[in-house]
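Enquirer: Sequence:
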Amino acid sequence: MTPQQFLQILRVRYKLALIVFVATVAIATVVSLLQPKEYQASTSLVLDVKADPIAGMLMPGLGSPSNMATQIEIIQSDRVATRAVQLLHLDRAAFAIERWKEETDSRIPIENYWGGVLQKGLQVQPARGSNIISLSYKSQDAKFTAAVVNAFAQAYINVSIELHVEPARQYAAWFDDRLKVLRTGMEQAQTKLSAFQQEKGIVAADARADLESQRLNALIGQLASAQGDKADTMSRQKNTGTEFSPDVQQNPIVQSLKSELARAETRMSEISGNVGSNHPQRVQLQAQIDGIKGQLASEMHRISGGSVTATRVSAQREDELKAMVETQKQKVLALRENQDKLTVLLRDVESAQRAYDVVAQRMSQTTLESQSTQANVRVLSPAVEPLTPSGPKVMRNIMMAVLGGALLGAGLVIGIEFLDRRVRVIDDLVTPEAIPLLGVLRPGQTSIPLKERLIRIGDYFRTLRRRRTLQTAK
0 MTPQQFLQIL RVRYKLALIV FVATVAIATV VSLLQPKEYQ ASTSLVLDVK ADPIAGMLMP
60 GLGSPSNMAT QIEIIQSDRV ATRAVQLLHL DRAAFAIERW KEETDSRIPI ENYWGGVLQK
120 GLQVQPARGS NIISLSYKSQ DAKFTAAVVN AFAQAYINVS IELHVEPARQ YAAWFDDRLK
180 VLRTGMEQAQ TKLSAFQQEK GIVAADARAD LESQRLNALI GQLASAQGDK ADTMSRQKNT
240 GTEFSPDVQQ NPIVQSLKSE LARAETRMSE ISGNVGSNHP QRVQLQAQID GIKGQLASEM
300 HRISGGSVTA TRVSAQREDE LKAMVETQKQ KVLALRENQD KLTVLLRDVE SAQRAYDVVA
360 QRMSQTTLES QSTQANVRVL SPAVEPLTPS GPKVMRNIMM AVLGGALLGA GLVIGIEFLD
420 RRVRVIDDLV TPEAIPLLGV LRPGQTSIPL KERLIRIGDY FRTLRRRRTL QTAK
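Taken in order, the sequence shown gives residues 0 to 473; the numbers are from numbering that gives the first Met the number 0.
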């Protein structure tokens, strides 16, 4: 269809198009004027993505789109809606109770019913590229509209606090039970440690083991020295009674007697060549030599007896030191065993103390979290009572009706024209191939008689029916 054909159709059927246009605009205007006025109130909430002041750590994903979507779902949840109903005291209002009974026959809680009613008018929209969420509500009462928006905002904050506090309370209760068990274990470990210390008479910082170890080392040194002395005395005892004995050689009396005997024997050798064996001087000197030898033998015997005594004393000393070393070893081993047991008990106490401290710290933190009254969301701008209605927008509706009426009128006219084709312009005379030619009107040609025209029209329609029949058969 050409623009010329379209304009010609509108010119011919303008009355129908005008009627449709006027009717559309009139209906839209009347409906807009008859609709009750609606008021819209809005509030803005900002999500705080900073670190938790109690936990001291930044929760991952607070600023992510998924968290924003989660918060929107929470706002639109039944829990927040029922809490908003409670904040608005609709569960105690007479008109609300009456409507609830009429609509539900008291089959569902009034909070759930009115929560669903309020949710229908609530709109939640996140701000793009920020952590701000906008809440808006529409109703016919301006004051009620602002109250509903603020109630939803406060209900969302309260529910957010509950969602944060309830797990903390559960964890705090669990930590409290666990803390009691750990406290009992720690007390038992301390009791075992105290009983062991009292039984063994030792303390944690007892240095007796080191002192007894030093004594053991000293006794071992004395034993080694005694064994050396014993070996030395035994060696001396083997040579006892001979002049090669170390004791004999080192004895000053023996050495003095030997010197005196040597001088006497020298004098005896000197006078033996001059006097006879019975000479008084020789007899006297011989008696002196015999006396010195007797003294020397007596002294050597005395020295031999001292070596035996020294050997016996050394052996006794060695045996005593061996017994003392063995006793000291057992004492040191017992002390070390007790010290090892004490160390194990101390470690048990320290381990129980560390576990108790860790759980106590976590319990303290969760207790603080369970008592928190702050949420990670704040009201940026509370809703106020709107002064002007937000709807219906009469001028906008009229403009849309004007556009819609014009399109509807034009569409209706064109549709009717396709159902009842008329020759409006010269281009309409161009015969399509599917339509048979009825005739050609030339300038100056006389008009065809009515009978012939009717015959041609009948032939035309019969031809159309045959073609349609053939097309249907194919």
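The set of hints was computed from the structure by calculation and includes no laboratory data. You may find that some hints are simply not true.
Said to hold, decoys possible - Pairs of lysine-lysine, DSS-like flavour, derived with a Cα cap of 25 angstroms:
#: 1; residue 1: Lys-137; residue 2: Lys-340
#: 2; residue 1: Lys-191; residue 2: Lys-340
#: 3; residue 1: Lys-257; residue 2: Lys-292
#: 4; residue 1: Lys-340; residue 2: Lys-330
#: 5; residue 1: Lys-142; residue 2: Lys-179
#: 6; residue 1: Lys-392; residue 2: Lys-119
Enquirer: Taking the hints in turn, state whether each one holds.
Expert: Now for the hints, and whether the structure bears them out:
no.	hint	in the structure
1	Lys-137 - Lys-340	violated, 77 angstroms
2	Lys-191 - Lys-340	holds, 11 angstroms
3	Lys-257 - Lys-292	holds, 8 angstroms
4	Lys-340 - Lys-330	holds, 15 angstroms
5	Lys-142 - Lys-179	violated, 54 angstroms
6	Lys-392 - Lys-119	holds, 20 angstroms
When the structure is compared with the earlier hints, violations turn up for hints 1, 5 and for no others.
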